[in-house]
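Asks: Below are the chains, spelled out letter by letter.
Protein chains: 2
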Amino acid sequence: MSGGTLRGGYLGQDDEKGTLYGVGVGPGAPDLITLRAARLIEGAAVIAYPTLAGADSFARSIAAGLIPAGAEEIVMDVPMTTDRAPAQAAYDAGAARIAAALDRGQDVVCLCEGDPFFYGSFMYLFARLAGTYRCDVVPGVTSVTACAARAGRPLVARNERLTVLPGPLPEAELRDRIAGAESVAIMKVGRHLPKVRAVIADLGLTGAATYVERASLPDEVVLPLADAPDTAPYFSMILLTKGADPWL
Amino acid sequence: MSGGTLRGGYLGQDDEKGTLYGVGVGPGAPDLITLRAARLIEGAAVIAYPTLAGADSFARSIAAGLIPAGAEEIVMDVPMTTDRAPAQAAYDAGAARIAAALDRGQDVVCLCEGDPFFYGSFMYLFARLAGTYRCDVVPGVTSVTACAARAGRPLVARNERLTVLPGPLPEAELRDRIAGAESVAIMKVGRHLPKVRAVIADLGLTGAATYVERASLPDEVVLPLADAPDTAPYFSMILLTKGADPWL
Chain A
1 MSGGTLRGGY LGQDDEKGTL YGVGVGPGAP DLITLRAARL IEGAAVIAYP
51 TLAGADSFAR SIAAGLIPAG AEEIVMDVPM TTDRAPAQAA YDAGAARIAA
101 ALDRGQDVVC LCEGDPFFYG SFMYLFARLA GTYRCDVVPG VTSVTACAAR
151 AGRPLVARNE RLTVLPGPLP EAELRDRIAG AESVAIMKVG RHLPKVRAVI
201 ADLGLTGAAT YVERASLPDE VVLPLADAPD TAPYFSMILL TKGADPWL
Chain B
1 MSGGTLRGGY LGQDDEKGTL YGVGVGPGAP DLITLRAARL IEGAAVIAYP
51 TLAGADSFAR SIAAGLIPAG AEEIVMDVPM TTDRAPAQAA YDAGAARIAA
101 ALDRGQDVVC LCEGDPFFYG SFMYLFARLA GTYRCDVVPG VTSVTACAAR
151 AGRPLVARNE RLTVLPGPLP EAELRDRIAG AESVAIMKVG RHLPKVRAVI
201 ADLGLTGAAT YVERASLPDE VVLPLADAPD TAPYFSMILL TKGADPWL
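Going line by line, the protein sequences match chains A and B. Positions 1 to 248 (my numbering) are the ones given, in order, by the first sequence. Positions 1 to 248 (my numbering) are the ones given, in order, by the second sequence.
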């Protein structure tokens with residue numbers, strides 16, 4: 001069952017077509033990119049990545065030092081709307097441009113912050129293209145373990161459980177999920193910080209909670225949750241390590 | 001709050017002492033090591049890692065091509081017993097040898113498969129040494145995202161939840177946790193495979209389950225859970241992606 005390609009549905013062996021690589025570039029520090037991802041990016045003729053409402057791509061900024069001069073860049077600008085249709089149209093158009101490069105026999109390296117299959121927008125391209133083209137996903141370091149490393153907080157040992165929750169979940173669900181969990185990583189905290197902080201305080205867990213913002217980057221912030229600012233950027237996380245016992 | 005060291009308790013700035021690096025080497029393929037980890041291993045004068053009951057170290061095998069000839073290797077052999085005391089003694093003795101090297105001013109690179117703070121034995125050394133010595137944790141690619149990549153199964157998108165459960169958990173707890181979850185990664189399946197498979201079948205989720213063994217290694221196995229062998233190695237995982245919707 002080994003080999004370089006995935007079972008995304010594509011069963012062909014059409015060697016005239018290129019391969020789509022979904023490449024995790026890790027949490028932010030350029031040297032937390034894997035050797036495999038670095039090799040693929042350095043050798044890429046075509047790079048692809050989404051941007052949000054015209055903003056710069058975080059994934060591209062992580063990999064910037066590795067992208068060859070002259071590489072073609074396929075940028076999918078995704079509008080910020082509550083309606084899904086405009087974003088779907090952006091991924092449809094991006095997938096069509098990627099498909100055209102693959103049909104020409106070029107490989108395409110799609111850059112993803114963290115890991116492509118862990119809250120990564122790459123999965124929208126994978127869903128559109130993996131049934132037709134060779135597709136290889138290169139896993140990356142996620143922000144969860146990067147935040148734990150920077151906070152000096154072991155996540156899980158032995159038979160402990162880890163729960164990953166997105167901060168935008170409704171307050172009641174967050175409360176229920178955190179109450180029943182051991183270690184918890186709350187992602188995408190951003191503007192949901194006051195709500196998440198109130199839930200954790202209600203549960204009496206503030207002392208076990210660490211706030212981490214932009215882990216591994218030069219402007220990283222690591223603070224006890226009680227000292228966290230009221231406004232948080234999208235790339236922020238709260239770690240609750242009430243279960244983790246780092247002593248054997 | 002940026003900088004190279006962690007808040008593990010150590011507040012000193014004694015530059016005559018070495019730094020302990022807990023270095024994640026990823027899930028198995030040597031090129032899934034990060035650039036930072038590779039640089040640290042290539043430059044290491046002292047390498048440390050545990051072994052289990054005299055067996056070879058998986059972490060060392062992943063990094064073998066990067067370890068300098070002549071590096072000192074501190075091997076902590078951990079006996080396999082139900083009593084914790086002999087294992088604690090092995091980590092105590094290993095920590096003392098590492099401390100001696102740090103006191104001599106040498107850095108020590110401790111190798112950890114996957115990520116040091118995600119079910120990694122490094123946390124036992126961290127608990128013993130981070131209060132006294134500079135300690136820096138280098139996060140690594142975990143087996144969770146490596147398995148998802150190889151299985152071609154996106155883990156979580158948007159506001160989905162991910163639950164990580166160890167296979168040794170009791171059957172009733174596994175059932176409750178899986179029933180209440182969206183995407184699930186069940187780690188350390190090994191000899192617990194029949195129990196885990198029965199729980200998943202009872203919940204009617206077999207069709208959403210993928211079995212992955214030794215992800216990213218040449219002898220990797222990826223199978224629908226229904227087709228998985230009855231005996232699984234320790235480094236095996238079951239992914240349940242009932243929640244993941246890779247379409248935007």
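It should be emphasised that the hints constitute simulated quantities derived from the structure, not laboratory data. On a predicted model such as this, the values are computed, not experimentally measured, just so you know. The C-beta atom is built at its ideal place from N, Cα and C for all residues, glycine as well. Treat the hints with care, since some could be wrong.
Covered stretches of chain A (chain B as the covering partner; in silico rule of three or more C-beta atoms under 8 angstroms from a C-beta of chain B) [stated by the list, open to error]:
1. 48–58
2. 67–77
3. 106–119
4. 122–134
5. 152–161
With a straight-line Cα cutoff of 16 angstroms, these simulated EDC-like cross-link-like pairs (lysine to aspartate or glutamate) come out [said to hold, decoys possible]:
6. A:Lys188 - B:Glu160
7. A:Lys242 - A:Glu182
8. A:Lys242 - A:Asp107
9. A:Lys188 - A:Glu160
10. B:Lys195 - B:Glu160
11. B:Lys188 - A:Glu160
Asks: Okay, which hints does this one fail, numbers in order?
Replies: As far as the earlier hints go, 1, 2, 8, 9 and 10 are violated by this structure, in ascending order.
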